[in-house]
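**Q** Letter by letter, the chains look like this.
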Amino acid sequence: MTLPVVERKGARPWPPRASAFTKTFWDNLNAGRFTTVRCADCRRLTFPPKPFCPHCWSKNVAWVELSGRGKLYSRTTVHAAPAAFAAETPYGVCIVDAEDGFRFATAVLDDTPPDRPVEVVLLRYDDGPLFAVRSPR
Amino acid sequence: MGRALRDVAVVGAAATPVGRIQKNADEDIQVLEHETLAGVAIDALNDAGLKREHVGSLVFSNPRAYTKQLYFATFMANYLRLPARGVVMEVLGNGMTGGFAFDQAALDVAAGRSDVALALGVSFELGIGSAEHMMRSMRATGDVDFHVPFGFTPISWYAMDATRYMHETGATRADLASVAVKNRRHASLNPLAHYRDPITLEQVLAQRPIVEPLGLFEVPPRSDGAAALVVTTVEIAKSLKRPYLRLRGRGFHHEGAHQISEVPNDMTAFAAAREAGKDAFAEAGISAGDVDVAELYAPCTIVEILVAEALGLVPRHKGAKAAVAGETALGGRIPICTSGGCLSRGHPPMVTPLYNIVEIAEQLRRRAGPRQVKGAEIGIASCELGNYNAALVHVFEAAA
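Chains as they are written, first to last, in the working numbering: chain S, -3 to 133; chain A, 2 to 401.
Source of the hints: derived by calculation from the structure; they are not laboratory data. Check each hint, because a few of them may be wrong.
Below 30 angstroms or equal to it, Euclidean Cα-Cα: the simulated DSBU-like pairs (lysine-lysine) are [to be verified]:
1) S:K5 to S:K55
2) A:K239 to A:K279
3) A:K322 to S:K67
4) S:K19 to S:K67
5) A:K322 to A:K239
6) S:K67 to A:K319
Here are the in silico distance ranges between beta carbons for each label pair [claimed, not checked]:
7) A:E203 to S:K55: 55 to 65 angstroms
8) S:S63 to A:A270: 51 to 61 angstroms
9) A:E203 to S:P86: 16 to 26 angstroms
10) A:E133 to S:P86: 15 to 25 angstroms
11) S:S63 to A:D198: 28 to 38 angstroms
12) S:E84 to A:D198: 50 to 60 angstroms
13) A:E203 to S:P113: 48 to 58 angstroms
No residue lacks a Cβ here, since even glycine has one placed at the ideal position from N, Cα and C.
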């Protein structure tokens, strides 16, 4: 599936580093796909993607596409921000329990409260991609 | 190796009042971290009635990045002119740093590496503004490539604890804010506290939001401080003929997660504090109900509530109501953070755990004056890192 896209002016306030391994995640995201790795031995997911499985320490992992849907577990709106985020303040951040069975943390673009559904969107900045969640449209 | 561990005591404690100590970089006269700390170390040793020749180990909390002197421990061994055959080292463990300094000092004494050990440190950060400071502190929580790009700050995680707790328990923001009012009342009685003017619930609720639902008075102030503890054997402590603290129990737990992992859990359960508390109480042979006074590392109102619940000092999901009812205030069933805690005593993070033990030392030696918990026999100190992903709990008993 292809993620909804939200255009953002300017550069990312804190661009993530990519390794030879995590570059796949960011390239997939840029192409509208939300992905991580699943362990070929114990079958569990990990997120953020790692070149091994933290659950069983197998190095036998493979990329899989995620649904991009889940439920908001908790959230806050940040009013006192690090200098690099001054232009975006206030902004929302949250924890999401994905329907694929894992938890992750990201930005939240609206007022979605706990236990309500959210969808992952691609944030397309001038210098590269990030992701966020919002109430499903 | 193979020697039996020795019983450990705390016989001396000293600290500088928490507050704005560090000067801005452009001021002509600076306050130097080592001058401040040396004074506190000497005060602590005098408090113990011991001499510098007795000291065999120096365990420092790692200073913040905003002071200049690097290789601080070995520099201080020279500055204090203190040859040592136990250990001279700095420890680092985020919010747990000062707690690890004490833990290592206690271990040195228990293991017989030295008869007297100092656990000490200085934490200065007010020479730099908050927005710039957060550019560094944001890199200490979560994942620098998968969380920091969204703007998470250390206290944003605690704020999410608050949102979830309110959602699950029906507690209100005013319930949480009562902790800030209570701690300020405690701090008004503590000469070491950063903020001492009493505040009302209305004032707390009227502050500007910082990380919703928490406002300015519900999150930690930024503070400078320096503290030192003198650790020795119970045998030596007895010979000093003055009140001391006997270390009765210790527990540590890291849950193998940093803020969050991908495995969904009950975020507000603070499992590491629960496990560390269980181990510390078991070693001490006590239960949570035996604790007379608790000095908890709790940077935000919600954190004090959650760690008190995790340690079993108040029932799960009832911590906010217990705070509102005054159970955790001086004069209540289980006084928590009689120093004023991180919120009002102040929060120089690298040494906050040392200040917490300083307060327990004051309480158990009956020197806390107007904030004395009457008849306090058992006191505990906790510290943490992350979102209480790891916790270190020490149980102390009053002795003489």
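**Q** All the hints need checking, so say for each whether the structure fits it.
**A** We went through each hint and held it up to the structure:
1. S:K5 to S:K55: Between S:K5 and S:K55 the Cα gap is close to 39 angstroms, so the pair fails against 30 angstroms, i.e. violated.
2. A:K239 to A:K279: Roughly 29 angstroms separates the two Cα atoms, so the pair holds.
3. A:K322 to S:K67: Holds. A:K322 to S:K67 sits at ~28 angstroms (cutoff 30 angstroms).
4. S:K19 to S:K67: OK: S:K19 and S:K67 at ~27 angstroms, within 30 angstroms.
5. A:K322 to A:K239: At roughly 42 angstroms apart (the allowed maximum being 30 angstroms), A:K239 and A:K322 break the hint.
6. S:K67 to A:K319: With a Cα-Cα distance of about 26 angstroms, the restraint between S:K67 and A:K319 holds, given a limit of 30 angstroms.
7. A:E203 to S:K55: 55 to 65 angstroms: 58 angstroms, holds
8. S:S63 to A:A270: 51 to 61 angstroms: With Cβ atoms ~27 angstroms apart, the hint is violated.
9. A:E203 to S:P86: 16 to 26 angstroms: 23 angstroms, holds
10. A:E133 to S:P86: 15 to 25 angstroms: 19 angstroms, holds
11. S:S63 to A:D198: 28 to 38 angstroms: Given a distance of about 53 angstroms, which is not inside 28 to 38 angstroms, the answer is violated.
12. S:E84 to A:D198: 50 to 60 angstroms: Cβ of S:E84 to Cβ of A:D198: about 34 angstroms, so the range 50 to 60 angstroms is violated.
13. A:E203 to S:P113: 48 to 58 angstroms: 37 angstroms, violated
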